Amino acid sequence: MSKETTDEKNKEKSEAELLTTPLTDLMQELGGKMVPFAGYLMPVQFAMGVRREHLWTRESCGLFDVSHMGQARLRANNPAQALEKIVPGNIKGLDSHLQRYTLLLNEDGGIIDDLMVSRPDDDGLMLVVNAACKDKDYARIGEALHNIAELETIEDRALIAVQGPKAAEVFAKFMPAACDMVFMQCGHFSLFGHDVIASRSGYTGEDGFEISLPGRHAEEIVREILSDQRIKPIGLGARDSLRLEAGLCLSGHDFTEEHTPISAGLAWAVPKTRRERADFPGAERILSELKSQPTKKRVGICPIGKAPAREGTEIFVNGKRIGKITSGGFGPSFGGPIAMGYVKAEYSAIDTELDLIIRGKPYPAKVVAMPFVPQNYYRGKGA
Amino acid sequence: MADLYFTEEHEWVSVNGDTAIVGITSYATEQLGDIVFVELPDIGKTVKAGDETAVVESVKSASELFAPLSGEIISANEALEDAPETVNEDPQDRGWFFSIKIADKSELASLMDKEAYDSFVQGL
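Residue numbers (our numbering), protein chains in the order written: chain D, 1 to 383; chain A, 1001 to 1124.
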């Protein structure tokens, strides 16, 4: 038995060179199986294993160390106006205590990364970018905005995500004021006596919080949180299966600089006001794709049968190659294999029948709507 | 009484006469995590030692099982197709994958006994 190419690519640094987070020691102590990821030593799973960790998050609450992600502040006379030069989101319309998902674009409108932008306070904008894209993102922001804004990367804070239907119930005890927030709100709160920045968001499809913690207190704070038996530490393995079931993109896989927001199925991240102003990179291409069609589109794909189709699996229709899987595996809550990938636009309609070539043999599949499991965001009482 | 052998690929091989039953070790299942899919070889297929013969997929990744010995596939554990989790629950018994009619018993010399395998795992 040997590892196949679908396993996590190990073009990573040797263990000694790997970076750690303020929570690495604790994750190890809690039984995390540590692997290299984006240059960091991170827990891929704990004793429960990926499947049960996944299910625990959907049924109760999981805690994820996501301190490897990049936290930064963008300061300028008008930081929203500055950032809008390189993202298609409505950042000027981002009021205090709100957070927004947007996309960092190259000059051709290709997606460099996705990121969260928030205004927890009056200190410019807070950005959270993907670990694997940090250097590229910071270089892009620094170059594009060098004379109008200043980017400060934050290295002394940890970041955790607490995700699941019981997150708010548990945090009602730890951080009651934060539980008044609805999905995509943010602010400063006191957590066990420490000032933290929390948003009601995450990347699992569940209700929950992402919390930026002072690094030197991160371990004691997380120990306190984990004292509640409803919350368990969860590794990156389940984080990946949770986001895939939620239909959410993995940067660098489910979109790259080759894809525009339209091709990537993220047209909603280009709101009306920005379309009207057409003042973001690649606006001409993106607006023309909105009117006609991009040549390829990201779609949800459900293999019929039990065989998972992993990243890189080729997609055929009537013997013709029409696309490729970009994320795929097994959805523990969905109860079967799930995937997403790019297909030629003419094959992107729901229910289109596809063949996935797995180990040289065709397996039937079809295009489906995403998410694969219902989203469970908190939009307010009665909402 | 069957003789038990092991491979460096973490497969166990239970040999009785000229028949070998093949599965993966509990060390392998711990490394793989929850198994969600198993692809078995066709019965009657002839394999050479080292050939990719079956596939096991966990939530995380896909891995291959190699034929530990040359011969003909004479049976496959079809119960795994509906219940792949059996491999996690009972890797060294109910979680067997396939059996081979051994073509050349001299190939057994290339396999490890339990003691050798245990020290191999210790060294990992």
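Be aware that one or more of the hints could be misleading.
[Unchecked claim] Chain A side only, calculated, beta carbon under 10 Å to chain D, not exhaustive:
(1) F1037
(2) E1039
(3) E1052
(4) V1055
(5) E1057
(6) V1059
(7) N1088
(8) E1089
In case anyone wonders, no lab produced these hints; they're calculated from the structure. As the structure is a prediction and not an experimental result, all values here were calculated from the model. All residues carry an ideal CB built from backbone N, CA and C; glycine is no exception.
Tested hints:
1. Given the 10 Å rule on beta carbons, the hint for F1037/A holds: about 5 Å separates it from the nearest Cβ of chain D.
2. With 10 Å as the threshold, the beta carbon of E1039/A comes within range of chain D, its nearest partner Cβ sitting at about 7 Å, so the hint holds.
3. For E1052/A, the shortest C-beta to C-beta distance to chain D is roughly 8 Å, which falls under 10 Å, so the interface hint holds.
4. Below 10 Å, beta-carbon pairs count as interface contacts, and V1055/A has one with chain D at about 7 Å; its hint therefore holds.
5. The restraint placing E1057/A at the interface with chain D holds, with a minimum CB-CB distance near 5 Å, inside the 10 Å limit.
6. Interface hint status for V1059/A: upheld, as the beta-carbon distance to the closest one in chain D is roughly 4 Å, under 10 Å.
7. Using the Cβ-Cβ criterion of 10 Å, the hint placing N1088/A at the interface with chain D is satisfied: the shortest such distance is roughly 9 Å.
8. Taking 10 Å as the C-beta contact cut-off toward chain D, the hint placing E1089/A at the interface is violated, the least distance being around 13 Å.
The earlier numbered hint that this structure contradicts is number 8, and it is the only one.
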